[in-house]
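**Q** Spelled out from the first residue to the last, the chains are:
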Amino acid sequence: MTDVGDASPENWERRAARGLAFLRRRITGEYEVDEFGFDPDLTDNVLLNLIRPLYERYFRVEARGLERVPNEGGALIVANHSGTLPLDALMTQVALWDHHPVGRHLRMLAADVVFTMPYVGSYARKAGHTLACNPDAQRLLADGEVVGVWPEGFKGIGKPFSERYRLQRFGRGGFVSAALRTGTPIIPTAIVGAEEIYPKIGDIKPLARLLGVPYVPVTPTFPWLGPAGLIPLPSKWYIVFGEPIETSGYDPAAAEDPMLVFNLTDQVRESIQDTLYRVLLQRRSVFF
Amino acid sequence: MTSERTLLVTGAARSLGAAVLRDLVEHGSDRRVIAVDLNDPEARLAVDGVEHVRLDLRAPAIATLIAKTRPDTVLHLDVLAAPGQAGGRTAMKERNVIGTMQLLAACQRAPSVRRLVVKSSAAVYGSAPRDPAHFAEDTQPHRPPHSGYGKDCVEVEEYVRGFARRRPDVAVTVLRFAGFLGTGVESPFADYFALPVLPTMAGYDPRLQFVHIEDVVRALRLAATGDRPGVYNVAGAGSLTLSQLARRLGRATAPLPRFLAPYLGRVLRQAGVADFTGDQLELLTYGRVLDTTRMTERFGFTPAYTTAQAVAEHARTAGIRPLIPPDLVRGTEQRLISVLERHGQERAGRAEQARSGGDGRG
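Going line by line, the protein sequences match chains F and B. All residue numbers for the first sequence refer to our numbering, where the first residue is 1 and numbers rise by one. All residue numbers for the second sequence refer to our numbering, where the first residue is 1 and numbers rise by one.
By construction, these hints were calculated from the structure, which means they are not laboratory data. Incorrect hints may appear among the rest.
Unchecked claim - No more than 25 Å apart at the CA atoms, straight line, and that leaves these computed lysine to any residue pairs for SDA-like:
id, chain 1, residue 1, chain 2, residue 2
1, B, 151, F, 116
2, F, 155, B, 15
3, B, 151, B, 281
4, F, 205, B, 93
5, F, 155, B, 129
6, F, 205, F, 230
7, F, 155, B, 130
8, B, 68, B, 225
9, B, 93, B, 23
Claimed, not checked - Partial chain B-side listing against chain F, Cβ under 10 Å, derived:
id, residue
10, 202
11, 241
12, 329
13, 340
14, 354
Just so you know, these numbers come straight off a predicted model, no measurement behind them. We treat Cβ as the ideally placed atom computed from N, Cα and C, and that holds for glycine.
Looking at chain F on its own, in the form it has when it is part of the complex (with noise of 0.2 Å):
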């Protein structure tokens, strides 16, 4: 799956035969998908394809220690939430596949709204996504997979454009009570450049109520061009992965000090606001 540098114009016979067997197996159903319905061949050989020049040609985005995500065993990733369009999580889908030393998969956490839509919940199911709760985080973690969390919730990714960079209330910290029952390591994320890609100026509550979604944002361009609206301004990214911070010397019984667990999603919150203000003082312009 790494021999993305074997594209090259002299074989595309390779590539060719490689379509095929991708097709031959989707004809055939001779692929696996888990329990969870993540489809590892669809994901790597169409989805992330699909989303892959966002990631390089439109937000030019650039990931930094990626080499603190492990190579192998469970890790969580802990990350800010912008941008009213969840483009953050799959960017850092992305980053953890393309550009990790050994390729990893994020295995994400999404909102309960994502699986009652239509196409949206069974994609996102095949992409390798499953519902925000404990027993699932736990089952992924102990099976060693890299997830990822944005505890923010609706409160992050639908905040409007004045409070940008500015972290919401983390949750009730369940993400620090599943690293600290399988002990992996949790990892601080900072992702800065999604907040200016929709600045959510108003919110059409009516509306939302009567699609039942939690938001319909009003952006300068959006529902004012139509459907041009829809298309994100190309700020820079930058996604950051902080230090890791270690729960393997906890006993697993720790996850059940309610005390230790508000400590530690402080920690991680502070961890992750500090990222933020710093790349954000570095960072020249928005759009370069």
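For this one, chain F is given, so just place chain B on it according to the hints.
**A** Frame of chain F, contents of chain B only:
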């Protein structure tokens, strides 16, 4: 308590009951086996060495039978999965719920009973988008079933819990099975897979899990012959998504908008092709996967067939032939790839020749 060990099996005239009886007789001991059903078994389902009794579980006659035969183990398999098997939803509900109540009432009065095994179903978890990826035995389902087989199973399990409270000396085992597949299985899903084109819900690709009928029989024997009280999920390892399953069976799918689902169920039912009820349509939309840790670790059982193997085996024995044979697909792929390889080698050869030729001259 009893000098002669006796086993009482309900729902004995159906294919699962017959398979369980045959297995018990084969691996049998010197046990006396009494098989109860509302109907006489068809000739092919009758098992030698078993006393068949025709009896309506909904009537108190079962109490007399239990008092007379003094069984030490009761294996309750008479929980029907589809209305067609009982002749209508009302009859099915009565047989499942009232039948269980009568049986439990009779068992409660019988001091001879030491062990009760009940066939339940994973349908008790319902099926909803907001549930965790796996259902463990103690998972609180987000949307418990409100109709059909799932509701019946929930009610049956409630009565069984009540019985276990009142008779703490009886070892009660409840097995929650994933959908059955395999030789001779009659179930809504078996009917569904036999359709030439599989109707699906547009935009949904459920994760499905199955258990092979041979594993069901083995699990029931294990429960009936050893003390393993508790509630256990029983399913083949792994799961398949519906789209993948259709491809492995070589069937085309016809995605339908979800609002048509109730009509689809009715059409299939009335045409007599598949006995699909509301809760099965939910399953076809959101899917369901069981956590089987407790089954392997505490119940001490590992199914011989994974979910994928159970599906493959079912397709083989039920004679489900793919529309496009997989060998044809593979053959075509191989032919195209060899053409590509030859092309690549020829060009590489030419390039090599050109290079060495150039070197020679220089």
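**Q** Mind checking the alpha carbons of residue 68 of chain B and residue 225 of chain B for me, to see if they're no more than 25 Å apart?
**A** Holds: residue 68 of chain B and residue 225 of chain B sit about 22 Å apart, inside 25 Å.
**Q** Given the hint that residue 155 of chain F pairs with residue 130 of chain B, test it: the Cα-Cα distance must not exceed 25 Å.
**A** The hint holds at about 20 Å.
**Q** Holds or violated: residue 205 of chain F with residue 93 of chain B, Cα cutoff 25 Å?
**A** Measuring from Cα to Cα gives roughly 45 Å; hence the hint is violated.
**Q** Do the alpha carbons of residue 205 of chain F and residue 230 of chain F lie within 25 Å of each other, as the hint requires?
**A** Distance of about 18 Å is within 25 Å: holds.
**Q** Under the criterion that the straight-line Cα-Cα distance not exceed 25 Å, is the pair residue 151 of chain B, residue 281 of chain B satisfied?
**A** holds, 14 Å
**Q** Hinted pair, alpha-carbon criterion (25 Å max): residue 155 of chain F, residue 129 of chain B. Please report holds or violated.
**A** holds, 22 Å
**Q** For the restraint on residue 354 of chain B, tell me whether the closest CB of chain F is nearer than 10 Å.
**A** Residue 354 of chain B check fails; min Cβ-Cβ to chain F is 13 Å, beyond 10 Å.
**Q** Are the Cα atoms of residue 155 of chain F and residue 15 of chain B separated by 25 Å or less?
**A** violated, 55 Å
**Q** Does residue 151 of chain B pair with residue 116 of chain F here, judged by a C-alpha cut-off of 25 Å?
**A** Holds - the C-alpha atoms of residue 116 of chain F and residue 151 of chain B are around 23 Å apart, at most 25 Å.
**Q** Take the C-alpha atoms of residue 93 of chain B and residue 23 of chain B, compute the straight-line distance between them, and say whether it is at most 25 Å.
**A** Violated, because 28 Å separates the two Cα atoms, which is more than 25 Å.
**Q** Tell me if the interface restraint on residue 329 of chain B is satisfied: Cβ within less than 10 Å of some Cβ in chain F.
**A** holds, 5 Å
**Q** Does the nearest C-beta of chain F fall within a distance shorter than 10 Å of the C-beta of residue 241 of chain B?
**A** holds, 5 Å
Hints 2, 4, 9, 14, counting from the list given before, are not met by this structure.
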